[in-house]
Amino acid sequence: MMKAFAPQRPRATTPALFAVLLLAPLAALAHEETGQAAGFVAGLGHPVSGLDHVLAMVAVGLWGAVLGAPPIWVLPVAFPLVMALGGLIGLLGIPLPGVEVGIAISAVVLGAMVLAEVRPPIWLAAVIVAFFAVFHGHAHGRELPEGTSALLYSLGFVVATGLLHAAGILLGTARRWAAGRQAVRVAGGGVALAGLFFLWRAIA
Amino acid sequence: MKPLAWLLFGAAALAATPAYAHLVETGFGAFYDGIAHVVLTPADLLAVLALALLAGQRGTSAARFALFALPLAWFGGGLIGAHWPAAGTLSPGTTLTFLLGGALVALDARIRDVGVALFAVAAGSLHGLVNGATMTPSGASGLALGGAITAVFVVMALVAAEVTALPAGWPRIAVRVGGSWIAAAGLLMLGWLARGG
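Same order as they appear, the protein sequences are chains A and B. Residue numbering for the first sequence follows the numbering used here, beginning at 1 and increasing consecutively. Residue numbering for the second sequence follows the numbering used here, beginning at 205 and increasing consecutively.
One chain only, chain A, in its complex shape (with noise of 0.2 Å):
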């Protein structure tokens, strides 16, 4: 027959063994440091988790492809440093008003520079690249997942950024050839496209 449940008295040896565990902290030899791969890995993948980031990204690196040196590396390597400025503001409270209007404009401007093959003075380029980054770093910079590593997952964040700057750059490439020259012009569009239908969505 199955033993009745009820409530016990603590045995003398319960405080024992609650003492013992007061020892425990000896045992916790946890780094200070938390969530550092999780963090990384979150900061790696959210920046491909939005489809306007996405395409603004790749749309960098397809113009400094049409751009040409040094423009080509001009933008990328200034890209990161303004949106993370937009982070930055993001992060001190600073409100910016339009982040997502901003946002969907990047990719129908940078979407038809491409389109057009537009090639101002690098300078100018530079501004138009770097205005629209710090609506991309103001919106998505300060999205930090609980109890994961605010460094790493910053690091990550700006390397997966980067890192469609690059692909954006490989596409770009064929444009050595005609018809890749049509299919990065038609990317282009593409990009101007979806900006138009992100702006709408924004705005309705």
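These are computed hints drawn from the structure, not numbers from a lab. Positions of the beta carbon are idealized from the N, C-alpha and C atoms, including for glycine. Take these hints with a grain of salt, some might be off.
As the list claims (entries may be wrong) - Simulated restraints, written as ranges between beta carbons of each label pair:
{"#": "1", "chain 1": "A", "residue 1": "197", "chain 2": "B", "residue 2": "398", "range": "31 to 39 Å"}
{"#": "2", "chain 1": "A", "residue 1": "143", "chain 2": "B", "residue 2": "233", "range": "39 to 47 Å"}
{"#": "3", "chain 1": "B", "residue 1": "311", "chain 2": "A", "residue 2": "170", "range": "22 to 30 Å"}
{"#": "4", "chain 1": "A", "residue 1": "189", "chain 2": "B", "residue 2": "272", "range": "51 to 59 Å"}
{"#": "5", "chain 1": "B", "residue 1": "287", "chain 2": "A", "residue 2": "94", "range": "39 to 47 Å"}
Said to hold, decoys possible - To give an idea of the chain B side of the interface with chain A (calculated C-beta under 10 Å), a few residues:
{"#": "6", "residue": "307"}
{"#": "7", "residue": "357"}
{"#": "8", "residue": "377"}
{"#": "9", "residue": "378"}
{"#": "10", "residue": "388"}
{"#": "11", "residue": "393"}
{"#": "12", "residue": "395"}
Given chain A, put chain B in place with the hints provided.
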């Protein structure tokens, strides 16, 4: 609860030592714990990488200065930090070292050899101070500090030597992009620190 049990309970509470909250334990001893500490502490590793990229970018002469200046300053800072626990509060400052280092790499800043060495001394001292102040309470010995600066030296030597040998063109641009990424992560980290995250 019996009085004896309470007594035992109280004694245990008093006897409990602080948790080893900072130093990684590899199981191979203090020296390897020190190596693991640098490799697994992103702020330290990014600072060493930024310094190595900068030193390599500025050429062999600058790299030779920085190769010895950084670990020596790190060691000196560590010794001071071991006797100055308050130096642990300088931890947020370590973000500035890799932010600044990364920015200088991204800009391909024309810094003289002495400037690179001075930057290495400043960064090494600061990181060493924080390492010493945070590792010592966890029972880390001078051997752990030795492991830490060995890791710093090896990473610095390998990366700076590679960068020094890079040809002009895309490989050098990749170094600048790497610096830009490090600086960007530093900027975001400043925001997290300001936010208290």
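What hints, given by number in increasing order, does this structure fail?
7
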